[in-house]
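Here the protein sequences line up with chains Z and F, keeping their order. Here numbering that gives the first Met the number 0 is used: the first residue of the first sequence is 0, the next is one more, and so on. Here numbering that gives the first Met the number 0 is used: the first residue of the second sequence is 0, the next is one more, and so on.
What the hints contain is simulated information worked out from the structure, not anything from laboratory work. Accuracy of the hints is not assured; some may be wrong.
Note that the list lumps identical chains together, so a pair holds whenever it fits in one copy or between two copies.
With a cut-off of at most 30 Å between alpha-carbon atoms, the simulated DSS-like pairs for lysine-lysine come out as follows [claimed, not checked]: (1) Lys282 - Lys380; (2) Lys173 - Lys183; (3) Lys456 - Lys183; (4) Lys135 - Lys375; (5) Lys375 - Lys82; (6) Lys464 - Lys82; (7) Lys183 - Lys421; (8) Lys183 - Lys375; (9) Lys380 - Lys74.
The residues making up each chain are set out below.
Protein chains: 2
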Amino acid sequence: MRSKCYFDTFEDKGEIMKGDFISQADIEHLQEIVGEERVSQGTSQRELHSHDESFHLPRLPEVVIWPHSTEEVSKIIKWVHKKEVPITPWGAGTSLEGNPIPASGGMVMDLQEMNRILEIREEDLQVDVQAGVVYKELNKTLGNYGLFFPPDPGAAATIGGMVANNASGVRTVKYGATKDFVLKLVVVLPAGEVITIGSHSAKSSSGYDLCRLFTGSEGTLGVITEVTLRLVGLPERFMAVRTTFNTTHDATATVFQVMSSGLSPAAMEFLDEKVIEAINHYKSMELEEKPTLFMEFHGFSEAGLQEEMGFVEDICQGNRCSSFASGIGLDERNTLWEARYDAFEAVKRTATGLSPLIIDASVPISRYTALVEFAKEATEKLRAYIFGHAGNGNIHVVIMGDPQDQKEWSQIEEANEVIVLKALEFEGTCTGEHGVGIGKRRFMPLEHGNSLAVMLKIKEALDPKGTMNPGKVFP
Amino acid sequence: MRSKCYFDTFEDKGEIMKGDFISQADIEHLQEIVGEERVSQGTSQRELHSHDESFHLPRLPEVVIWPHSTEEVSKIIKWVHKKEVPITPWGAGTSLEGNPIPASGGMVMDLQEMNRILEIREEDLQVDVQAGVVYKELNKTLGNYGLFFPPDPGAAATIGGMVANNASGVRTVKYGATKDFVLKLVVVLPAGEVITIGSHSAKSSSGYDLCRLFTGSEGTLGVITEVTLRLVGLPERFMAVRTTFNTTHDATATVFQVMSSGLSPAAMEFLDEKVIEAINHYKSMELEEKPTLFMEFHGFSEAGLQEEMGFVEDICQGNRCSSFASGIGLDERNTLWEARYDAFEAVKRTATGLSPLIIDASVPISRYTALVEFAKEATEKLRAYIFGHAGNGNIHVVIMGDPQDQKEWSQIEEANEVIVLKALEFEGTCTGEHGVGIGKRRFMPLEHGNSLAVMLKIKEALDPKGTMNPGKVFP
């Protein structure tokens, strides 16, 4: 039912009537602001901006626009605000919960051409970027300065998208999520006013923490156009571990023993035996097909890392690991981790033609074992692959299926439902890192209770006309 | 002009008319809620709750109340909300910017009797506490579990006060400020409704980050009654350094070389020669009276720390340090750091009978040297002592003076003004860790520009009657 193939029938169903909000005169005015070539009502651009990487129902915007500056963003918004045109900011479209789908049509504002690194302040360990800078490109440049921005979302996301979504990933367990790195933002508010929030100071107790409020607000409070990020020095040395266990329980018990040992892993990833099987197939590898942990440690001294490695091995042996491979150095780390980075691709290749539903939930680490075991059981009869950022209690279950096959897909959605509900029962959250978007809206009342009304009051106070990314976050 | 000796003349000046808001019938109702002994209109209790540890003008509340539970807090607030009684939440009164002074009179709600540690979840590295638990007491208990809550505000603060203020301190440079540890809060809103925000998950991208909004909001949005904190394992090993330099410039240059070297100091403190002189006098020590750095490093392996120490020494020598003392182990660390912990007390003892004005500002670390040098010059003719959390760019200047001596005190306030303005010119913040309270309100427009209006919209949306800690944060 929810599939990209609905593209073709959209127009017929009257779901994307061109001109709902935007007239020809508007288009002409927008062209005056940004130039003709940066406003499009063409079908292909509208289709490209109708969906993210999830299975969620696409929706065509009326118009796509590519601003090049905060000033242009402000002018555009001021113009369309009079007519209450819905505006959905767009990063790279790599979200997984429908976050940038223009659910009410209107305008998609694609920030990918605002992709300049504005200033690298090496001495302050800070960088100023425009919102459209791509995460991986940024880190490539920062590497020349011995610096990096740690959250690693995996996808080819933009910094603006990562901030809007509070993205995180493999390295969050040591360094934090995107929100932990945002020092300053330039935001265009829903009526077009430009504000600057935060400062270049590494710490502050000056008033309400608006940076944290806008980070993770998924474009529902305004358009983020510029970002100042705190950076971290590239680690001097790397140590990596790949280890397998006979049971999920032994693997996940290892996770929280390492986490509470005083060690500070830079990555702590769990992959179940089915993911390993998929990787072996995809990459012609011969990894032991058992519950597996990938760990990474960053340190200053080789002797220090050697000592840590011995300690980690003791913990793994204590949990009866069936294999333990480790190495110090970036090359060794890359070899040991090679399999991990292709996990999602390997899983997708197990069933070409099918779509993945990716569950994302997070629980206190003491409940991680129970959640993984519950998820295993709940997806027993499905093509399900379990992995996740175990050190943060973050689980992902990728379930492959055909959204057209109503019976199968409803079983998949049912599995999603029960796993997320179990995470909430375990005092966790319905989304560890993918955001609420469209997919997690229905869980918001259960997770947040009456504090959801506080979020809504803030939304209404800052976006009274509800034009910013409507249909997201709130049920 | 601003001094605690105004106590005596307050009543005469009509500034604290008993009964402005609260009638005898109200008192009786409040006594019904919490019991007679936990409601006071006595002068001594009202005086105790009329000022914090700053020089800011005290103001007597009409009534002080000590709730024991979230439910009581809710009942109290519901009762007094009808009459729009101002409510100022109270932690331990250790603030430094007048944050808990009941500036509009009304009720002070003292949370110190809500001081139970509710649950220590060792495996999850989390603790649930009532707001009145004292920071140091909490860490004493957590130590038995090998855990700790790192921000070290120095003062005998409560957890609720630390959260309301987003307190930080010596260890923030490695571990973060209070806001980086708050996972979940129970808050009583301005009309008495109880909400729970956040979850027990270590990470989340689920909706607006209300935890971060309430953290640092200084009681202006509600009363924080319970807090869930993320914890950190006690470090396996400690390494400490105390080193002196001939010039402030050499000392502060060392700071940012260490900070950007890939090392991760757990503390990085600067003290100027006058602070060292005060310490020598107070503690009969013979430290070299020169610009001094105190550093601390936490690690897992002794060999690793040895290597780091060598590297730190190289940096210090490269900046022509005139002395360098270091040691590994908790005892060595405590010996080397003994002087640092008494710095404030030592400074106060240089001028008994006088009051301290404590400047708190923070800048990007590349501007730290310039700010320290500017502060030195600006306070040349005053009894000023400069120190601070240099690794975060956070400066403190303690200036001793007599608030009754109008001429001197206005010079002191002038110095505060120009140093804070310089910090803002350097793209820093008017308060690194003490909060806005009363003292920093006037800098808010300059620091935040039109984003201050966004903060105000949030305040009005959540506290439309303006009863929560009025007169704070906003100018």
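Hints and how they fare:
1. Lys282 - Lys380: So Lys282 and Lys380 pass the 30 Å test inside one copy only (25 Å; across, 72 Å).
2. Lys173 - Lys183: Answer is both; intra-copy 22 Å and inter-copy 20 Å each pass.
3. Lys456 - Lys183: Classified as both; 24 Å inside a copy, 20 Å across copies.
4. Lys135 - Lys375: Neither way: Lys135 and Lys375 sit 33 Å apart in one copy and 43 Å across, limit 30 Å.
5. Lys375 - Lys82: Neither. Shortest intra-copy (49 Å) and inter-copy (56 Å) distances fail the 30 Å Cα cut-off.
6. Lys464 - Lys82: within (10 Å within a copy, 32 Å between copies)
7. Lys183 - Lys421: Intra 36 Å, inter 19 Å, cutoff 30 Å: inter-copy only.
8. Lys183 - Lys375: Between copies, since 29 Å is at most 30 Å while 42 Å is not.
9. Lys380 - Lys74: Neither, since 53 Å and 51 Å both go past 30 Å.
When each numbered hint is compared with the structure, violations occur for hints 4, 5 and 9.
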